[in-house]
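**Q** One line per chain: the protein sequences are A and B, in this order.
The first sequence begins at 1 in our numbering and counts up by one.
The second sequence begins at 1001 in our numbering and counts up by one.
Treat the hints as calculated values from the structure; they're not laboratory data.
Incorrect hints may appear among the rest.
[Said to hold, decoys possible] Residues on chain A that point at chain B, a partial pick, calculated with CB under 8 Å:
{"no.": "1", "residue": "Met117"}
{"no.": "2", "residue": "Leu184"}
{"no.": "3", "residue": "Ile188"}
{"no.": "4", "residue": "Gly189"}
{"no.": "5", "residue": "Trp246"}
We put the beta carbon where it would ideally sit given N, CA and C, even for glycine.
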Amino acid sequence: MTLLRRVRLTTAGIAVATAALLALWPLLPAWAAHTVGVSLGGGLVVLGLLILIRFGLVSFGQGLFFAIGGYAAALANQFLGITDMLVLSVAGIASAGAVAWALGYIVRGHRGIFFAMLNLAFSMILFGILAKTVVLGSTDGFSVGVPTLLGFAPDPEAGRLTFMLFGYIVVFTAVVAWWVDRILASPIGYAGQGVRENELRLRYLGVSARGAVHIAYIAAAKLAALGGVFTVLLIGHVTPEDTAYWTKSGEFVFVAILGGSGNVAAPFIAQTVFELVRTFALQYAPDAWQMLLGITLLLVILFLPGGLWSLADRLRGRDA
Amino acid sequence: MIELAAIVVDSLVYASWLFIVSIGLTLIFGVMNVLNVAHGSLYALGAYTAAWAVGMYVSGAPDAGFELLAIMLVAAVVVGVVVGLLIERGVLRWVYGRDEIVIVLATYAVFLVLEDVMKLIFGPESYIAFQPRFLFGTVSVAGIPYVGYDLLLVPVVALIGLGIWAAIHRTRPGKLLIAVIHDREIAAALGINVTRFFTVTFLCGAFLGALGGALSAPLISVVPGIGVELIVLAFAVVVIGGLGSVEGAAVGALLVGLGRTAAVFFRPELELFVVFVVMTVVLAVRPEGLFGKPKARRI
């Protein structure tokens, strides 16, 4: 019963948050709306990491799929002239899904450090390719046009961040978050717990642990790619360093640990906190940003192993 | 023929460098089960400190000779002991016994902090300490001139590797260490001070990382960001050989060295990939690496 109530609470929470964000649009200053959009994009990547963490896995290379999503959308826009955000999103998800399907055969047999570092290696390879490909602007990357939706083009005077793009990102993210929440409560989600707790027992039950890991890996990749598409559409520019470089992947892991894996809302809350703090930190102490990240990460590991979300559980007086 | 000789010599030099910069990583993992991401920082700190110390000394004594090597060694010892102690006593001991991924994250946090500490201390500009590299003149091998320093890396690193192997397999503390590796609890029950073994091992690994950086300082330009490139490369090398195996690290270094040199000669654009292709193939065939031992299954 507790579980059922919790699922319903999450679904209700997602619906309320979505409605609130859409209703708040006229009141939000441009920078705040931008921060929300970017946080939702980044939060999707971290949501993918959350799935992996439920499987007992951490990837130090989600930047790989973040970059694939961002570059797929940007390329489709630049070279194929596609402007529809829905098509661009599908392009990003499909590209990342295909790559993750192929790489999955390599990574699905590995756990722990090997899984984490193999992904780091893959993302570094992509970074190397992107940074050296002159057609794609090398390290400078290239720009993306203003997207349209189902034939509707936004007012050219309105700039990049219109209600159309904002609403699209908010609604799409909400649907995906709800869907992930359902997946985690389904048999494949519970197989994940089995992989984390005791893989051998899971296999005795007749479940393919590798197959389950492969599915989770592809799902996490698609989420990361969608986050990449959103981010690129919002910022209007894509570079290797802001997508595939290890610092970006490290940031996602950081946010995942900061938020905790207790609920699908945690990644988005943690990502928003992260974006806000970064805005101020880069202004006042740009040289100490990584130090701040490192110290916070240590503090969370030592004193708040369940992440920010476990604070909510503590407040409600139950054990996470 | 000249090409073949060049490939062999270049591979050996590069493999020696790979071995010295990754041996500390595998040593620490083999004993403590800690994948030390901060190894990259120790390497970078060793390189910075050595380059800075050499630069300071040379500006006072422009015709400095072999004492530069001693300065580099001292720099590595200081970095290894001070930073190693800070990391092990200050951070790692609080997370022993947690999940291995949590320990990786803790060392990653240390890595992030040290990245900025280095930027604050040494600034964004690059340090170049070329003087030690020209101490040994040039040597001609099969008609190709080589820098003596580069060639000397091969026997020096081979001696260091043999020394580590002998220290583990041929001395009393080394044998106690093997006992600790095999079973911490039984070792502790037999009266071995496991905590001290951990601290000393970490200090040795940290020193080796810093030494790798110090020895590299004359070969590279020391700039921010060398730490992360190194940790990815060193990880590939030790994974190929089997995490925690000294012999494995040597074989991994030779394989990667040969592969990368061959790529540089024949298909330069593949240089970066060769390392990871070798790693992926080895992991696909032998998930524990060439010299790794499969773990017992826990039901």
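**Q** For each hint, tell me whether it holds in the structure or not.
**A** Hints and how they fare:
Given the 8 Å rule on beta carbons, the hint for A:Met117 holds: about 5 Å separates it from the nearest Cβ of chain B. Residue-level restraint check for A:Leu184 is violated (minimum Cβ-Cβ distance to chain B is 19 Å; threshold 8 Å). Given the 8 Å rule on beta carbons, the hint for A:Ile188 is violated: about 21 Å separates it from the nearest Cβ of chain B. Annotation: interface hint on A:Gly189 violated; nearest CB of chain B at approximately 20 Å, more than 8 Å.
The closest approach between the C-beta of A:Trp246 and any C-beta of chain B is roughly 6 Å, which is under the 8 Å cut-off, so the hint is satisfied.
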